[in-house]
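If you read the protein sequences in the order shown, they are chains A and B. Residue 62 in the working numbering sits at position 62 of the first sequence; the count goes up by one each step and never skips. Heads up: take any position in the second sequence, counting from 1, add 1000, and you land on the working numbering.
Since the hints were derived computationally from the structure, they do not count as laboratory data. Any given hint could be a false lead.
[Claimed, not checked] If we take Cβ atoms under 7 Å as the criterion, some of the chain B residues that face chain A in the derived model are:
id: 1; residue: Arg1287
id: 2; residue: Leu1288
id: 3; residue: Asp1289
Think of the CB as a built atom: it goes at the ideal place given N, C-alpha and C, for glycine as much as any other residue.
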Amino acid sequence: MAKKTYRQAISEALFHEMRRDERVIVMGEDVAGGQGGTGQIDAYGGVLGVTKGLIGEFGPERVIDTPITESAIMGAAAGAATQGLRPVAELMFVDFLGVCFDQIYNQAAKFRYMFGGKAVTPLVIRTMIGGGLRAAAQHSQTLYSIFTHIPGLKVVVPSNAYDAKGLLIQAIRDDDPVIFCEHKLLYDTEADVPDEAYTIPFGEAEFTREGDDVTIVAFSRMVHLANQVADKLAKDGIEVEVVDPRTTSPLDEDSIIESVENTGRLVIVDEAPPRCSMAGDIAGLVAREAFGALKAPIEAVTCPHTPVPFSPALEDLYIPSAEKIEAAVRKVMEYKP
Amino acid sequence: MSSEIIPIKVPKWGLAMEEGTIITWHVAEGDHIAKGDEIVDIESSKIANVLEAPASGPLRRIVAAEGEVLPVGALLGVVADESVDDDTIDAFIADYQERFAKEAAEAGSAGPSPETVDAGSLTLEYLKLAPADFEGGVPAVLIHGFGGDKNNWLFNQAPLAEHRATYALDLPGHGGSTKKVDRPDLDGLTDAVIAFLDALELEQVNLIGHSMGGAVALNLALKAPDRVNAVVTVNGAGYGTAVNPDYITNFLGAKKRRDMKAAAELLFADSALVTRDMLEDMIRFKRLDGVEEALKAIAEATLLGENLPDLRARLGDIKAPILGLWGAKDQVITVPDTAALPENIKAHLFDDAGHMAHMEAANEANEIIEAFLEEQD
Chain A
1 MAKKTYRQAI SEALFHEMRR DERVIVMGED VAGGQGGTGQ IDAYGGVLGV TKGLIGEFGP
61 ERVIDTPITE SAIMGAAAGA ATQGLRPVAE LMFVDFLGVC FDQIYNQAAK FRYMFGGKAV
121 TPLVIRTMIG GGLRAAAQHS QTLYSIFTHI PGLKVVVPSN AYDAKGLLIQ AIRDDDPVIF
181 CEHKLLYDTE ADVPDEAYTI PFGEAEFTRE GDDVTIVAFS RMVHLANQVA DKLAKDGIEV
241 EVVDPRTTSP LDEDSIIESV ENTGRLVIVD EAPPRCSMAG DIAGLVAREA FGALKAPIEA
301 VTCPHTPVPF SPALEDLYIP SAEKIEAAVR KVMEYKP
Chain B
1001 MSSEIIPIKV PKWGLAMEEG TIITWHVAEG DHIAKGDEIV DIESSKIANV LEAPASGPLR
1061 RIVAAEGEVL PVGALLGVVA DESVDDDTID AFIADYQERF AKEAAEAGSA GPSPETVDAG
1121 SLTLEYLKLA PADFEGGVPA VLIHGFGGDK NNWLFNQAPL AEHRATYALD LPGHGGSTKK
1181 VDRPDLDGLT DAVIAFLDAL ELEQVNLIGH SMGGAVALNL ALKAPDRVNA VVTVNGAGYG
1241 TAVNPDYITN FLGAKKRRDM KAAAELLFAD SALVTRDMLE DMIRFKRLDG VEEALKAIAE
1301 ATLLGENLPD LRARLGDIKA PILGLWGAKD QVITVPDTAA LPENIKAHLF DDAGHMAHME
1361 AANEANEIIE AFLEEQD
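This is chain A alone, in the form it adopts within the complex (with noise of 0.2 Å):
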């Protein structure tokens, strides 16, 4: 089987959904890419070139390039939505969400429930999360609770190539709105990705590492790091288990209630900021729900409650590292009542 990059396996899962069924459309900022100059078409294809090749395949009626209005993309797909096509909305920066935050909680998140199941909302929001490209404070923010707050949106957090192509897949089928984070730093990281279609079934974690000792929650890229502590860990006898929830919501709660009551220690890593978080919300739920199992306090990894920072040093101790997860780890595994 081929290897391919995450970012090929996004490209993937839109070119065989747009095949399969043509109500789904892609729109967004530069999707299309090289319009209106005199160069080549599709000269880029989306700021991280994921849409590269759509417009050659779909033509500008199915990959329509949009204004720099985030407020019209969202409504326009939103509303299209609702009249039978099955748009894939390019949210380019998670960090934009607050200038069409409105359209997307509440109005697309609405009408399945005003409407009384008579309405299908089918829209999925493309969105770029995470840190360490130094982007500054307004392009690095990992912004996935918020959507998880609102009831009526799903929120999917692939951590690699397999997952994010059967993720995507399953996202473009459903019939509610969506919200799909791509983490920067992920898109060059490589995963065996079969050619053929397939869905990964949204609330089913994964467990990237079995063990009976220490449970990792851990989410998007933070699953790396997380399996490289398990790996590293490993070599001195601690046997850590990597659960990685794949989507914020649905979240499989009992895959994770199940993995807490065998190991009796959770450390939680998270890269957006600790409050009402999904560290906050995973603790919360371990803590009513296997209470009795806890051998040791919860431990969180997050970033701290400022912005992320600018300058490049600040930034890398900002997020989550492997040694603040294995400093975590060994905590629990050493706390005595």
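Chain A is already provided as a structure; the job is to place chain B on it using the hints.
Showing chain B alone in chain A's frame:
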């Protein structure tokens, strides 16, 4: 006295295997080993197996330590006669290691890769392995069972391919073949294999079928007797014995690795052979578009209830000689009373193997199959 130095290398068990972990040596440096002796347990990410000695003689050196992870083709040890002095052996090892490192850096692990062929309305994927420098005996076509694929023959295809061209195919709905299956019954699957033979211009072949693939092989020998030189079934369906419906329903219903484990453990006498990677591969296969529908249709049309083929009454009509192999601890298809089989069927039981007898008793099965096929060449 021979001055030949024979390297023992990490084997390649299946297309995906890139490296193996050395688990346990069963022999010590200096032991005299015989060709075919089980000498070392090796584990790939998919499965564990035991490596047989490639030659007889004193095991002069063990190069790979237990616990080491080594790429396919890396040196495990060397066999050489006592007349070869230590310096020569050390020089051989040093030279091998240097060449191996250099080749690995240059080539990567490019081996044979699967091909596809249009067979009627279907596209079928297959892996061909053939002897490098001669034609060999009558070609063999390997047909996997329900829910399996061409990689199920990972321990068998390469050894058989030392003597003849081998084609491990993916049945419709399986592996890399077309997932849309218009004719999911036994005749439909059989006709797909006939179309495969036609497309590759294989006039006459040996058919080796596992489980449901065994029923396909037997049925093909009835439908197109002149195309079949000999038939080998491994825990084959078609002998009129029951299929465990739990296996089929667990396999069809499994969405997660954990659920798939319940099905996969029924496949082996030793359930420890079921690895996380094996389960992951099975789940990933089931997630592909069209697979669930295809498997469900095939299960209903060829495996469940009254549709389970019972070829007993017609087995005696098959002109080609038949070798029936069974893992005695099969939990998926009941092993028939081998004493009551028609005379044209030669039967062999592996006491410690389950449904995947060709994997669990691979080395023994390969020898028996090859000896049987050579008689028919």
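Taking the hints in turn, this is what the structure says about them:
no.: 1; hint: Arg1287; verdict: 4 Å, holds
no.: 2; hint: Leu1288; verdict: 5 Å, holds
no.: 3; hint: Asp1289; verdict: 4 Å, holds
Of the hints listed earlier, there is not a single one the structure fails to meet.
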